[in-house]
Amino acid sequence: MSRVIVFVENFDGQVNPTSWEALGLGSTLAKQWGVPLTALVFGKNATAIAEDAAQYGADHVVVCEDATLATYRLEPYAALIAKLVKDHAPKLVLGVGTSMGRELLATVAAETESGLMTEVSDVVAEGDKLVITRPAYSGKVLMKVSATTATAFLVIRARAFKPNEKDTSRKADVAAVGAVLAEGDITTKVESFTPEANKVNLSDAGIIVSAGRGIANNPANPPAGVADATVWKAQNGFETIVQPLADVLGAAVGASRAAVDAGYISYDHQVGQTGKSVNPDLYIAAGISGAIQHQAGMRNSKMIVAINKDGDAPIFKMARYGVVGDLYEILPALTEALKKKLGK
Amino acid sequence: MHIVTFTRSTPDTTAKVEVNGKGEVSWGDAATVVNPWDEYSLEEAIVQAKNTGGKATVIAVGAELHNESLKHSIAMGLDAAVRVWDAGIDATDSLQWSTAAAAAVQKLGDVGLVIFGKESVDVGTDQHIYQTARKLGWTMLGYVSKILEIDEANKTIKVEKMLEGGKQVLTATLPAVISVMKGINEPRYPSFIGIRKASKAEIPVWSVADLNVVLPAKSTELAGYSNLPAQEVITEMIDGASAQEKAEKLVEKLLEAKVL
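Just so you know, the sequences run in chain order L and Y. In case it helps, numbering that gives the first Met the number 0 puts the first sequence at residues 0 to 343. In case it helps, numbering that gives the first Met the number 0 puts the second sequence at residues 0 to 259.
Hints listed in this document are in silico derivations from the structure and should not be mistaken for laboratory results. Treat the hints with care, since some could be wrong.
[As the list claims (entries may be wrong)] Among the chain Y residues that face chain L by a calculated CB cut under 8 Å, a handful are:
| hint | residue |
| --- | --- |
| 1 | Val46 |
| 2 | Asn50 |
| 3 | Ser93 |
| 4 | Leu135 |
| 5 | Ile149 |
| 6 | Gly165 |
| 7 | Thr170 |
| 8 | Phe191 |
| 9 | Ile192 |
| 10 | Ile194 |
| 11 | Glu247 |
All residues carry an ideal CB built from backbone N, CA and C; glycine is no exception.
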């Protein structure tokens with residue numbers, strides 16, 4: 000039967016909350032088309048997560064808790080989704096734009112010869128056809144695309160669509176299925192996993208505090224024996240000035256390419272053309288001039304605040320609020336003012 | 000081991016990219032460069048070919064524009080370059096693109112590893128990477144931050160992979176397709192000898208007929224490009240006698256706007 004399928008992303012028993020946004024979009028389209036909405040949940044805690052999926056809008060949930068799917072691997076996950084897509088011939092398959100969602104839906108779309116559109120920020124249904132909007136050329140222009148195949152695959156951007164209100168009275172039919180591949184057929188083995196504790200994911204963040212080259216102008220002096228005083232000053236600035244502000248706001252820490260390339264902070268914090276593209280409610284750019292490469296990654300922020308010593312920095316043109324000043328004075332003052340106001 | 004990597008020419012990262020009156024994407028007089036993510040995959044292909052005593056071939060699927068990035072690749076030290084192009088390929092359709100790419104790898108015959116850069120900045124996606132692996136029927140390892148070991152005798156590869164929540168170490172069987180992250184290596188600059196070699200290189204072009212493959216029907220249809228909606232931001236500068244005063248005023252504004 001024709002339907003909408005949403006792959007609910009579960010990593011070691013933790014659901015990626017953007018999956019609820021995918022279910023929100025999926026339930027809107029399923030209602031419009033008058034078809035059921037099926038959620039797929041694999042791996043640890045799948046049966047428990049299935050109840051949440053129902054509360055967020057799924058009519059049916061397919062779970063698989065086979066041992067081969069306990070820890071995420073592309074092959075067994077893709078094989079099972081491909082089988083379910085072939086069995087059900089859905090109109091639409093939805094997923095989220097993490098490393099998992101991107102590789103998984105692309106693989107299954109290739110297997111089933113279906114049209115795939117990623118980084119989707121808007122969807123308009125024209126009858127059976129979906130016209131989607133996505134960024135191209137690093138977010139410098141937009142493109143509109145639609146699938147010409149019977150099943151369309153969409154990978155949505157985080158924070159682009161609203162989840163349904165959680166309805167605790169809602170239940171779904173839950174069906175357990177087996178895996179498609181046996182362990183012996185799978186060519187990849189997970190040797191180890193090292194989690195990064197307390198990492199705030201930039202893509203999901205509601206607030207981001209970013210710093211650029213200006214973070215190196217730290218008045219603090221490095222201890223004796225430090226190899227590179229500038230790098231020490233910048234790293235110390237991220238730890239003692241940027242992180243405390245992020246902590247008060249519950250924000251993620253971002254950085255410009257200049258700061259990453261200079262070794263001030265690790266690459267996974269980079270916002271911009273060769274880093275992450277983000278769309279938080281609030282983006283605070285401190286000591287970032289606002290090069291076009293950086294703008295490409297953060298221009299979709301709902302509100303931008305710029306803090307820079309140079310009143311002519313291009314970042315001020317994009318900012319709703321601007322403060323001209325030394326970030327080493329402004330950020331700690333901001334942290335204090337927020338603590339006072341927010342009662343922390 | 001024979002290692003293949005893919006590249007393409009994309010507008011310079013500092014270029015202003017716009018949609019012109021005809022609805023085409025234009026970057027004015029700005030130069031094209033090697034897709035920034037491919038700097039890392041090209042370097043990794045050179046390094047791994049050397050480590051395994053093999054060779055490295057670079058392929059571009061696309062129009063003549065992409066010869067520039069192939070020449071840059073040869074100048075960096077890639078052993079051979081091939082361009083795949085045919086009026087029948089719609090390069091914006093990832094299924095057609097990956098079918099042609101996979102067929103080109105098959106035509107080379109003895110390839111053990113395909114290395115991609117994490118994504119292409121022009122089309123803004125990485126889907127063609129995973130789909131090429133699927134079309135080849137090879138193991139796919141995405142977001143690789145380190146190749147820990149290639150064991151040719153046992154046909155295995157061990158890598159470190161970046162996930163949102165941490166790092167995974169995986170082993171997989173070869174042949175495989177991997178995509179590599181920024182920071183996996185320090186890409187080299189082309190050498191003088193390399194640039195001379197590149198300037199003389201004749202790059203063969205393989206058509207769909209040469210690849211002996213049937214392309215799938217188009218799976219997507221481009222409805223058009225548009226410029227970003229103009230953002231009408233009225234910037235309000237926050238003044239004050241001290242950092243504390245500026246900070247307090249800013250917090251008031253943020254609370255009023257309900258963004259906290």
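Check: Does the structure break any of the earlier hints, and which numbers would those be?
Finding: 1, 2, 4, 5, 8, 9, 10
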